[in-house]
Amino acid sequence: GAGVSQTPSNKVTEKGKYVELRCDPISGHTALYWYRQSLGQGPEFLIYFQGTGAADDSGLPNDRFFAVRPEGSVSTLKIQRTERGDSAVYLCASSSSPYNEQFFGPGTRLTVL
Amino acid sequence: AQTVTQSQPEMSVQEAETVTLSCTYDTSESDYYLFWYKQPPSRQMILVIRQEAYKQQNATENRFSVNFQKAAKSFSLKISDSQLGDAAMYFCAYRSVETSGSRLTFGEGTQLTVNP
Chain A
105 GAGVSQTPSN KVTEKGKYVE LRCDPISGHT ALYWYRQSLG QGPEFLIYFQ GTGAADDSGL
165 PNDRFFAVRP EGSVSTLKIQ RTERGDSAVY LCASSSSPYN EQFFGPGTRL TVL
Chain B
6 AQTVTQSQPE MSVQEAETVT LSCTYDTSES DYYLFWYKQP PSRQMILVIR QEAYKQQNAT
66 ENRFSVNFQK AAKSFSLKIS DSQLGDAAMY FCAYRSVETS GSRLTFGEGT QLTVNP
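Same order as they appear, the protein sequences are chains A and B. End of the first sequence sits at 217 in the working numbering; the numbers just go up one at a time, nothing left out. End of the second sequence sits at 121 in the working numbering; the numbers just go up one at a time, nothing left out.
A hint or two may mislead.
Quick partial rundown of chain A residues pointing at chain B, CB under 7 Å, derived from the structure [unchecked claim]:
no.	residue
1	Y122
2	G146
3	P147
4	F149
5	E175
6	G176
7	F208
8	P210
9	G211
No lab work stands behind these hints: they were computed from the structure. Positions of the beta carbon are idealized from the N, C-alpha and C atoms, including for glycine.
Construct the entire structure; sequences and hints are all you get.
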């Protein structure tokens, strides 16, 4: 079956612009996670959805970051007024329930010039 | 808050040999899960092995095994009969059971090179 997919694979934007990153989880997975991986580091948690609601958004670094999952499937991570420090790989993962294995997508590499 | 530390930024091993990757963690919880993930250049994280803290027996998955020392808060990964396809970045990760949420907390990673 299909795994977690993320689009775009790569995104280059200019400082100050708005970007949206999309995650398509495995069909039927109710739990969805976003992580950010800066160069040479391990992924850091951003936000966790259970169904349509954000069950834990404590990892979002500031109010420029926002994520939605309106129908409990696809999720979009939105970043306003991008800064060079936002450059990283953004990883999405999904699981069939919160404490089951998380399956990761290939990530979106965001570069802010 | 929990922290995970991988003190070996890089490791190398000869093909067919055995290598051990180190991981330590800090937590005040008694029940939790520990994981090793592999990240090849494709960026996709792949679960290698998982250990539940309440289980004393070390987990094993084919050529991969762990040495879980709960009192020492140590969780090392042993790769036996190393293959060229094992070359990747390896991350140790922690997940709480007791607190709400199921986020993974990752270490900094160890880049493994396998020499033919």
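Comparing the hints with the structure gives:
A distance limit of 7 Å between C-beta atoms decides the matter here; for Y122/A the minimum to chain B is near 24 Å, and the interface restraint is violated. For the restraint placing G146/A at the interface with chain B, the shortest Cβ-Cβ distance is roughly 3 Å, inside the 7 Å limit, so the hint holds. The beta carbon of P147/A is positioned within 7 Å of a beta carbon in chain B (closest approach about 5 Å), and the interface hint is therefore held. For F149/A, the shortest C-beta to C-beta distance to chain B is roughly 4 Å, which falls under 7 Å, so the interface hint holds.
Checking E175/A against chain B by beta carbon gives a least distance of about 21 Å; that is not within 7 Å, so the hint is violated. Evaluation of the G176/A hint against chain B yields a violated restraint, the C-beta minimum of about 17 Å exceeding 7 Å. Annotation: interface hint on F208/A holds; nearest CB of chain B at approximately 4 Å, less than 7 Å. Taken as an interface hint, P210/A checks out: its beta carbon lies about 5 Å from the nearest beta carbon of chain B, inside 7 Å.
Hint on G211/A holds. Least Cβ distance to chain B is approximately 4 Å, under the 7 Å limit.
The structure does not agree with the numbered hints 1, 5, 6 stated previously, though it agrees with the rest.
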